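2 protein chains.
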Amino acid sequence: MKLTILFGGASFEHEISIVSAITLKEKLSGFDLSFIFCDQDHTFYLVEPSKMKAIIFSKGDYKKMPKLSLSSGAFIQKSMFSSVNHNNTVLNLIHGADGEDGTIASLLDFFSINYIGPRTDASVFSYDKRYTKWLCEAKGIKSVDYEILNKNEHKDTSIDYPFIIKPARLGSSIGVSIVRDDSQLDYALDTGFEYDNSLLVEPFIEGVKEYNLAGYMADDELYYSIVEEPQKEEFLDFEKKYMDFSRSEQVLKADITQELEDKLKVNFEKIYKGLFEGALIRCDFFVVNGEVLLNEINPIPGSMANYLFKDFKKSIESLSNSLPNNKKVKTTYDYIHSISSAKGK
Amino acid sequence: MKLTILFGGASFEHEISIVSAITLKEKLSGFDLSFIFCDQDHTFYLVEPSKMKAIIFSKGDYKKMPKLSLSSGAFIQKSMFSSVNHNNTVLNLIHGADGEDGTIASLLDFFSINYIGPRTDASVFSYDKRYTKWLCEAKGIKSVDYEILNKNEHKDTSIDYPFIIKPARLGSSIGVSIVRDDSQLDYALDTGFEYDNSLLVEPFIEGVKEYNLAGYMADDELYYSIVEEPQKEEFLDFEKKYMDFSRSEQVLKADITQELEDKLKVNFEKIYKGLFEGALIRCDFFVVNGEVLLNEINPIPGSMANYLFKDFKKSIESLSNSLPNNKKVKTTYDYIHSISSAKGK
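Here the protein sequences line up with chains U and Z, keeping their order. For the first sequence, our numbering begins at 11 and goes up steadily by one. For the second sequence, our numbering begins at 11 and goes up steadily by one.
Just so you know, the hints here were simulated from the structure itself, not pulled from any lab data. Possibly wrong hints are sitting among the right ones.
Chain copies aren't distinguished; within one or between two, either way the pair holds.
[To be verified] Quick list of in silico lysine to aspartate or glutamate cross-link-like pairs, EDC-like style, CA-CA up to 20 angstroms:
#, residue 1, residue 2
1, K77, D51
2, K161, D229
3, K35, D49
4, K149, D71
5, K280, E147
What you are looking at is a predicted structure, and each value in this text was computed from that prediction instead of being measured.
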């Protein structure tokens with residue numbers, strides 16, 4: 011099948027998206043793949059599959075490649091006397107800002123380009139951790155307690171040490187700190203506020219069990235990946251965590267009871283249904299005293315969590331055949347006509 | 011000052027946006043205005059101010075005007091041998107879908123165009139009435155009780171007659187019904203589900219007092235309009251309600267106590283702060299037994315609620331001088347460099 015991988019973006023996870031795209035090139039071999047790179051200035055480039063190497067981007071060599079612009083139904087490559095339409099279904103693989111905050115979703119929707127990825131509203135609820143909490147509350151999904159600290163507000167948190175501080179709108183451990191006592195607080199706040207004006211404070215739960223589950227909807231049915239118990243460190247720093255983005259080997263199923271697996275799936279379904287249609291997402295859960303808590307939603311997981319699926323190619327293919335369709339609104343001028351005729355003009 | 015009014019859009023409120031734009035042309039006379047029309051196919055046209063007449067759009071004459079495309083920092087008008095950049099601050103005046111659902115916000119953000127209007131996340135929370143309820147719950151703002159009905163779910167509501175049925179994602183009374191007994195229910199549901207797969211059911215409160223308050227933030231301070239008690243009918247049908255969009259005469263301040271006015275402002279502030287910066291919004295409140303309930307948020311009110319402001323031009327000018335700035339993310343390749351050097355390539 012034909013598929014265009016859209017990657018890059020102006021975000022702190024820019025290079026991680028490049029790694030993800032290179033991984034998918036391998037995992038989706040056999041597909042008729044094309045690659046579109048969005049650079050930090052929001053210019054789109056068509057990248058030949060054979061040029062999909064990290065160094066092409068880090069050295070800026072991509073700038074010699076054909077530029078693309080957005081038009082109704084396609085990315086367009088214009089040359090002096092002709093233009094070529096690239097109108098495959100797009101897989102939005104831009105992690106972090108642009109890709110996961112609703113911007114790319116809106117762009118592709120506006121230009122009527124079919125895509126795999128979260129829609130605008132789903133993006134808003136997963137990108138900003140404050141809104142993920144609101145989603146949980148509205149849908150009856152449990153999550154870790156939290157408080158919000160805003161820059162320039164000088165409010166103290168009432169959560170006891172140790173706690174974790176996270177920027178509201180960044181994934182990937184960027185700007186995240188564990189704070190164990192007063193002496194660590196100022197530095198953690200400064201670090202967090204460097205990245206966002208709002209921070210979440212959550213109790214740091216020692217020895218928590220963590221489980222990841224991915225899935226997508228096709229033909230009105232949810233398809234789940236295996237459940238993974240990710241490799242556990244106190245918490246992963248950016249580099250370690252992002253080795254994840256180049257993962258391509260299928261992992262082993264976590265050794266958990268059927269009851270717990272079912273609980274994780276029930277929670278996943280509550281999150282996904284009615285909001286994430288069109289996307290393959292990964293939900294990261296904590297389990298504390300047998301209770302399932304949502305930790306975070308990855309609406310565009312690293313290398314699409316390929317390593318959690320038994321038949322990843324088939325998953326992408328069936329998802330791409332079940333993408334939501336925006337009903338085209340037919341505009342009318344009835345009101346203007348009726349006003350004009352009432353006015354006699 | 012220079013300002014570009016962006017109007018039209020592929021929505022049920024398309025023609026209402028045209029009426030709004032024509033009204034603003036009059037209300038902002040003295041400004042150096044330009045007009046960009048988005049038609050139902052999402053093509054942009056530059057419309058000469060002298061051509062800003064409803065009939066130009068209803069007859070399709072706009073199609074003879076210059077087409078514009080989006081580029082970094084500007085709408086671009088290309089001709090055979092040259093191109094002109096239109097890079098004024100934009101006032102997003104596209105009501106309903108496209109303009110109020112986050113799509114236009116994302117587009118303008120992506121292309122680094124300054125604009126007056128709700129950002130993507132603010133749009134998502136005001137466009138979908140279900141998410142407005144979540145916002146209220148999270149921010150401690152009271153609103154009318156509600157239940158959600160989804161297409162194909164066959165759930166009955168537990169709310170007593172009379173109640174109101176509204177599509178989750180349409181403003182302007184479109185698809186809205188008051189249901190007084192069983193005999194009216196099926197028709198109301200059919201009407202609602204024609205426009206949306208999710209409907210809100212709310213108790214219909216007889217004789218409720220309604221008050222509208224608009225405002226915006228400039229230089230970190232909130233500026234409020236007068237409070238209006240809108241002309242009351244049981245509820246306004248589309249045509250009556252939309253006479254509103256051509257309103258240009260300043261209205262009289264509602265005859266309410268200072269205490270109630272303060273309560274309305276406190277609620278407005280809770281809604282606006284941290285979410286609607288950059289926009290001039292109108293909040294419509296109900297007052298029931300002295301208690302203030304949010305009815306709805308209009309993030310792009312008809313003709314920008316000009317009739318509620320003492321000095322509308324000055325309001326638009328001060329807002330446009332206080333627009334949020336997207337910090338540009340500087341992407342790096344540190345991670346790729348470190349991996350490459352570890353691999354020795």
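To see whether the hints hold, each was checked on the structure:
In this homomeric assembly, K77 and D51 come within 20 angstroms of each other (Cα to Cα) only inside a single copy, at 12 angstroms, whereas the closest approach across copies is 24 angstroms. Taking identical chains as interchangeable, the C-alpha atoms of K161 and D229 lie at most 20 angstroms apart only when they sit on different chains, with a minimum of 16 angstroms there against 45 angstroms within one chain. In this assembly of identical chains, K35 and D49 lie within 20 angstroms of each other by CA distance solely inside one copy; the values are 19 angstroms within and 38 angstroms between copies. Proximity of K149 and D71 under a CA criterion of 20 angstroms is satisfied in neither setting, with 47 angstroms inside one chain copy and 48 angstroms between copies.
In this assembly of identical chains, the alpha carbons of K280 and E147 lie at most 20 angstroms apart whether taken from the same copy (11 angstroms) or from different copies (19 angstroms).
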